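S.K.: Generate the whole structure from the sequences, applying the supplied hints.
FYI, the numbering used here numbers position 8 of the sequence shown as 8, with every residue one higher than the one before it.
If you are wondering where the hints come from, they were derived from the structure by calculation, not from laboratory data. Please note: incorrect hints may appear among the correct ones.
To be verified - Listed below are the simulated EDC-like cross-link pairs for lysine to aspartate or glutamate, each with C-alpha atoms no more than 20 Å apart in a straight line: (1) Lys4 with Glu37; (2) Lys72 with Glu48; (3) Lys4 with Glu19; (4) Lys4 with Asp25; (5) Lys72 with Asp38; (6) Lys4 with Glu23; (7) Lys72 with Glu37.
What the hints assert, rightly or not - DEER-style ranges, computed between Cβ atoms: (8) Asn53 with Pro20: 40 to 46 Å; (9) Ala21 with Ile66: 23 to 29 Å; (10) Ala76 with Thr22: 35 to 41 Å; (11) Ala55 with Met80: 24 to 30 Å; (12) His54 with Glu19: 42 to 48 Å; (13) Leu2 with Glu37: 20 to 26 Å.
Since the structure is predicted, the reported quantities are computational estimates derived from the model, not experimental observations. Where is the CB? At the ideal position from N, CA and C, for every residue including glycine.
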Amino acid sequence: MLHKEFYGLGTAINLTVAEPATEADITAGFQLIQHYEDLLTVNRNESEVMSINHAAGDHAVGVSPITYLLVKRAVAVSAMHLV
Numbered sequence: 001m002l003h004k005e006f007y008g009l010g011t012a013i014n015l016t017v018a019e020p021a022t023e024a025d026i027t028a029g030f031q032l033i034q035h036y037e038d039l040l041t042v043n044r045n046e047s048e049v050m051s052i053n054h055a056a057g058d059h060a061v062g063v064s065p066i067t068y069l070l071v072k073r074a075v076a077v078s079a080m081h082l083v
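M.R.: Put into structure tokens, the structure is as follows:
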């Protein structure tokens, strides 16, 4: 087993993989986490989600398909709980 600790998404992250996975696989996994954090975090002033929040009621903001689909799904789930 290979293990590495990171910090991201506002918390400690412990990634563990079994061989034949490598240290490079752990690093690639963390880079993917960082990519999603860059798009979606509300813990920093700059991300696609924060761009939406800052522009709310003022103007539209272009975002990646990942961010669009996640927000669309969040709105749908939220609407289910209103009934």
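S.K.: Confirm or reject each hint.
M.R.: We went through each hint and held it up to the structure:
In summary, the hint linking Lys4 to Glu37 is supported, as the alpha carbons are separated by about 18 Å, within the 20 Å threshold. Distance hint between Lys72 and Glu48 is fulfilled; the C-alpha atoms sit about 14 Å from each other, no more than 20 Å. A threshold of 20 Å between alpha carbons decides the hint, and for Lys4 with Glu19 the separation of about 14 Å falls inside it, so the pair holds. In summary, the hint linking Lys4 to Asp25 is supported, as the alpha carbons are separated by about 11 Å, within the 20 Å threshold.
In summary, the hint linking Lys72 to Asp38 is supported, as the alpha carbons are separated by about 18 Å, within the 20 Å threshold. Proximity of Lys4 to Glu23 is assessed by CA-CA distance (about 8 Å); at most 20 Å being required, the pair is judged to hold. Our distance criterion of 20 Å between C-alpha atoms is met by Lys72 and Glu37, whose separation comes to about 18 Å. The given range of 40 to 46 Å is respected by Asn53 and Pro20, whose C-beta atoms sit roughly 42 Å from each other.
Taking the beta carbon of each, Ala21 and Ile66 are about 24 Å apart, inside 23 to 29 Å as hinted. Taking the beta carbon of each, Ala76 and Thr22 are about 38 Å apart, inside 35 to 41 Å as hinted. Look at Ala55 against Met80: about 26 Å separates their beta carbons, and that is inside 24 to 30 Å. In this structure the supplied range 42 to 48 Å holds for His54 paired with Glu19, their Cβ-Cβ distance being about 45 Å.
In this structure, Leu2 and Glu37 meet the distance hint of 20 to 26 Å, their C-beta atoms being roughly 22 Å apart.
Comparing the model with each numbered hint stated earlier shows that all of them hold.
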